[in-house]
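Listed here are the chains, written in short residue letters.
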Amino acid sequence: MALELKNVTKKVGADVHIHPTDLTFEPGSFNILLGTTLAGKTTLMQMMAGLEKPTSGEVWFDGHNVTGTAVQKRNVSMVYQQFINYPNMSVFDNIASPLRVARLPAAEIQARVGEMAELMRISAMLDRRPSELSGGQQQRTAMARALVKDSDLILLDEPLANLDFKLREEMRDELPRLFAERNCVVVYATTEPTEALLLGGQTAAMHEGRVVDLGPTAEIYRNPSGLESAKVFSEPPINLAKASVKSGWVLLDEGVSWKADKGLANGTYTIGIRPHHVSPVRQSSKSVVVEGKVKVAELTGSESIIHFHAHDHPWVSLSHGVHPFETGRFARFYADMSKCFYFDADGHLVDLAAAGKAA
Amino acid sequence: MARITLKNLKHAYMPNPVNDEDWALKELNLDWDDGGAYALLGPSGCGKTTLLNLISGLLTPSHGSILFDDHDVTGLPPEQRKIAQVFQFPVVYDTMTVYDNLAFPLRNRGVDETTVNKRVLEVAEMNDLTATLGNRASGLTADGKQKISLGRGLVRTDVNAILFDEPLTVIDPHLKFQLRSKLKELHTRVPNTMIYVTHDQTEAITFADKVVVMNVGEVVQVGTPKELFEEPHHTFVGHFIGSPGMNVLGCEVKNGQAYIAGKRIQTANKASAKAGKSEIGVRPEFVKFAGRGLEARVVKVSDAGRFSVVEADSAGGRVRLLVEEGGAIPSDSAHLEFDPTATRIYTDGWLAGREGQP
Amino acid sequence: MNKTVNQKAWFFVAPVLILVAFNAIVPLMTVVNYSVQETFGDNVFFWAGLRWFEEILRSPRFHDALGRQLFFTGTILAIEIPLGVIIALAMPRKGPWVSVCLVLMAMPLLIPWNVVGAMWNIFGLPELGLLGKTLNMIGFDYNYTRQPGDAWFTLILMDVWHWTSLVVLLAYAGLVSIPDAYYQAARIDGASSWAIFRYIQLPKMKRVLTIAVLLRFMDSFNIYTEPSVLTGGGPGNSTTLLSLDLVKIALGQFDLGPAAAMSLIYFLVILLFSWIFYTVMTRGEEQ
Chain A
1 MALELKNVTK KVGADVHIHP TDLTFEPGSF NILLGTTLAG KTTLMQMMAG
51 LEKPTSGEVW FDGHNVTGTA VQKRNVSMVY QQFINYPNMS VFDNIASPLR
101 VARLPAAEIQ ARVGEMAELM RISAMLDRRP SELSGGQQQR TAMARALVKD
151 SDLILLDEPL ANLDFKLREE MRDELPRLFA ERNCVVVYAT TEPTEALLLG
201 GQTAAMHEGR VVDLGPTAEI YRNPSGLESA KVFSEPPINL AKASVKSGWV
251 LLDEGVSWKA DKGLANGTYT IGIRPHHVSP VRQSSKSVVV EGKVKVAELT
301 GSESIIHFHA HDHPWVSLSH GVHPFETGRF ARFYADMSKC FYFDADGHLV
351 DLAAAGKAA
Chain B
1001 MARITLKNLK HAYMPNPVND EDWALKELNL DWDDGGAYAL LGPSGCGKTT
1051 LLNLISGLLT PSHGSILFDD HDVTGLPPEQ RKIAQVFQFP VVYDTMTVYD
1101 NLAFPLRNRG VDETTVNKRV LEVAEMNDLT ATLGNRASGL TADGKQKISL
1151 GRGLVRTDVN AILFDEPLTV IDPHLKFQLR SKLKELHTRV PNTMIYVTHD
1201 QTEAITFADK VVVMNVGEVV QVGTPKELFE EPHHTFVGHF IGSPGMNVLG
1251 CEVKNGQAYI AGKRIQTANK ASAKAGKSEI GVRPEFVKFA GRGLEARVVK
1301 VSDAGRFSVV EADSAGGRVR LLVEEGGAIP SDSAHLEFDP TATRIYTDGW
1351 LAGREGQP
Chain C
2001 MNKTVNQKAW FFVAPVLILV AFNAIVPLMT VVNYSVQETF GDNVFFWAGL
2051 RWFEEILRSP RFHDALGRQL FFTGTILAIE IPLGVIIALA MPRKGPWVSV
2101 CLVLMAMPLL IPWNVVGAMW NIFGLPELGL LGKTLNMIGF DYNYTRQPGD
2151 AWFTLILMDV WHWTSLVVLL AYAGLVSIPD AYYQAARIDG ASSWAIFRYI
2201 QLPKMKRVLT IAVLLRFMDS FNIYTEPSVL TGGGPGNSTT LLSLDLVKIA
2251 LGQFDLGPAA AMSLIYFLVI LLFSWIFYTV MTRGEEQ
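Protein chains in written order, with our numbering: chain A, 1 to 359; chain B, 1001 to 1358; chain C, 2001 to 2287.
Keep in mind the hints are simulated off the structure, nothing from the lab. Check before you lean on any hint, since a few could be wrong.
As the list claims (entries may be wrong) - Rough simulated footprint, nothing fancy, chain C against chain B, three-plus residues with beta-carbon under 8 Å: (1) 1103 to 1112; (2) 1140 to 1149; (3) 1322 to 1332.
Claimed, not checked - Pulled from the structure, derived: some chain B residues nowhere near chain C, Cβ distances all over 10 Å: (4) 1056; (5) 1088; (6) 1089.
Stated by the list, open to error - A short list of chain B residues far from chain A (calculated; beta carbon distances all over 10 Å): (7) 1014; (8) 1133; (9) 1185; (10) 1201; (11) 1205; (12) 1226; (13) 1259; (14) 1283; (15) 1289; (16) 1306; (17) 1309.
Where a beta carbon is used, it is the ideal one built from N, C-alpha and C, also for glycine.
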């Protein structure tokens, strides 16, 4: 029961919301759509659900073309960012509603709602109205309703975005477990790279209506296919700088240089280095010094995020421990360039291993 | 600009509070320095919004008093307290331009137009609103609107304090980061006392010089971000701050020392003489795999990119620890070592030796 | 947005289309037919072209009726809209009194129109009515059946009594939808009550007030039952509004042609005013 998008596009007037996209999601898989707001995650999900019809292209499910099939006729569940429940029904009736529509016997409804409530830890609240619940409990109710029927396709559109920080942490922990035994396709949209990583599965990184990268989540993080994918997958934002490679040396506008890896051809590149590889303390012998003027130092207790300007280019450093810096002061940072990505003029990642072998 | 003092402050929404639970805000004494950046942090229903409304004057406390620079303002309505507030949902005057929105608080106070113009331009520049000054405020995005709300506070020169009530709730996640930095930067430029209410530890800690952590109507710790992280005074603080939160493990106490399954655990403090439930608290950052130490079995590894969160079961309970990218993770049985300077004994939730002292 | 093409949808819309056809389109076409024909009875019709339209548009009788109609509508709008807003502002927004106020407000709206007319007819009688008698007792020479001024006074008072509630309810709905944070922010910004009204409450009520004005405009232009029961258009022709005049022509004199032409002009006037008003009120939002 795989879900396939075949050359799907979506245009609204002259605006292209989704560029031609091919995606295949296998049954039993957990898939993440990662991208900023307006990257096209919601539009893509609505086309998967059948809430929106693609401008061109086809949606196939289980080997059938379902492009024109109405959402009611597909076996789909959806969870939204807002907690959507029936306000004048009890939590029990809310969860039971899809089963009642499917005309299941009362005893089975009772059993399945009970089981789902147990899993979502809302068993004690079944008699209450949604308005009497906390935000987290309301969202659990909405999720329970979506999961209680055996859907072939479950779509979750930033379901944790409106929850308290700690609750988000807890639910993120529980979510993969909920889907582990199901043989359905799960698609989960999020804007947060860390959330994507912790949830695992496979990720489609999206940017301005295109899928810019696709693969197992951790692999995309470690080997982004290109510039856009690396940008989508970094919070705080990845540091980017123009670099030129000449006679075995890499040189940045920032006045920083280091020995180029074997096989890196001469020319201009964009280098990308994640903030945690730029530190106020030297991490490795291959680190180079980047000097800059501190704009803001954010301390999270366990980590310090320091924004600074080097040659008027914004840089971010993320490091363990507390490193207070005064705004406006010049400071030295150590960038571990052995960890940096090289992107060519078209924004593609340069495969250093392959280049090294060739050389 | 003012120093804010809260004296024996208590509040209940019901007329005759009897039990401890009847108080939405339990007795509180605090001193906030002029020009400081403070955060009130806690889960929903912990009393932080009640406290904020008491300070702004939208609520009058059932007991105790509030002083701005030693003047008692307990009975004053919000408009006489000279405070500014940024709300959870952006409040802008839809029919006015951005300029008129910023000028509104000054014009209401009869400030002359030359001064208004000067102040508005100054504040617009600080908030990156200069380009949109002539636009209708209703057309702006959520973060633009929040900047206007903030700007209306900054434009006044008579403000005692600027209060923020979860101001980033409706902001796009990738813009939250920017606005957070902006707030921090603004605080370095304007000398106002700022109080920021949130349930988000990152927001609180990145913004504030001092964080007030609250739980069920009670302040459990007041401290710098570093103090909250390194020496939580309460297991709640340990749990609530940090992601993942502090490990809290069951232990026995003998002669002031802590033991898990008969094995002695070195700690930074001594168990208190008081009777009560004893626990060991240690953050995931201060636990590592070692050749010897507490026996445990690895049950789950989550790859978070630059580090992995490893979960291991021990005799004291589930332990989470962080392993750097590329670090070795045993596949099954392992030994855990706790950093003795960052491992502490807690009695009934409170740090042993300082029970009940936030 | 692209919607799935589904021909079955027509099946569901069909009953409404048939109903509308019988209710509106067929009668309207009949009226259009009559308006360009002349008849002397016996179902014999002659082509009259646009003669009736010309005649109506030139007739002083029509001008007077239209003038009275505009005066009536203008006056009740000028009273009911501000009064409705003021009452809505004065109503409590929380607590047990909310439902009491709402029920009180809704009451006049529940009374059938002819009963309203009859009520005020008796209420205003100089010898018997509470209003008429009281006014005369305290020294006013009040008699709405004889003096045009008094007739107008009663007519407008009746309409205000009957319909201000509608404006109140709409304005109130707009007011309660304003989040508390707006009022709190305004207090902190040092805004006066007038500024709060001008910059928060009025803008937030704009949409519902637009609807209120449109509804009251159209309703008052179509008003028939109440003035017909109250004054019957008198004394003389002093309170003969357009609708009353139309019925007089059509049923009183059986001039079907001119009556039909007048109906159409009447209809176009309402349409034109509503359109102008709606465009002006919503133009600001699109910018």
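Outcome of the hint check:
1. Residues of the stretch 1103 to 1112 of chain B with a Cβ under 8 Å from some Cβ of chain C number 4, which satisfies the need for three, so the listed coverage holds.
2. With 1 residues bearing a CB less than 8 Å from a CB of chain C, the stretch 1140 to 1149 of chain B misses the requirement of three and the coverage assertion fails.
3. Interface restraint, the stretch 1322 to 1332 of chain B with chain C: violated (0 residues with C-beta to C-beta distance below 8 Å; minimum three).
4. With a closest Cβ-Cβ approach of about 7 Å to chain C, residue 1056(B) is found to fall inside the 10 Å limit, against its non-interface label.
5. Listed as a non-interface residue, residue 1088(B) fails to keep its Cβ farther than 10 Å from every Cβ of chain C; the least gap is roughly 7 Å.
6. Listed as a non-interface residue, residue 1089(B) fails to keep its Cβ farther than 10 Å from every Cβ of chain C; the least gap is roughly 6 Å.
7. The Cβ of residue 1014(B) lies farther than 10 Å from every Cβ of chain A, with a closest approach of about 18 Å, so its non-interface assignment holds.
8. The claim that residue 1133(B) is not at the interface with chain A holds, since no C-beta of that chain comes within 10 Å of its own (minimum 24 Å).
9. For residue 1185(B), the requirement that its beta carbon stay farther than 10 Å from each beta carbon of chain A is not met, with the minimum near 5 Å.
10. Not every C-beta of chain A lies more than 10 Å from that of residue 1201(B), the closest at about 6 Å, which undercuts listing it as non-interface.
11. Distance check for residue 1205(B) against chain A: the nearest CB is about 5 Å away, which does not clear 10 Å, and the non-interface claim fails.
12. At the 10 Å boundary, the C-beta of residue 1226(B) falls inside the reach of chain A, the nearest C-beta of that chain being 5 Å off.
13. For residue 1259(B), the non-interface assignment is confirmed: its Cβ lies about 28 Å from the closest Cβ of chain A, beyond the 10 Å cut-off.
14. For residue 1283(B), the condition that its CB be more than 10 Å from all CB atoms of chain A is violated, with the nearest at approximately 8 Å.
15. At the 10 Å boundary, the C-beta of residue 1289(B) stays outside the reach of chain A, the nearest C-beta of that chain being 18 Å off.
16. The claim that residue 1306(B) is not at the interface with chain A is violated, since a C-beta of that chain comes within 10 Å of its own (minimum 5 Å).
17. Look at residue 1309(B): its CB is around 7 Å from the nearest CB on chain A, not clear of 10 Å, so calling it non-interface is violated.
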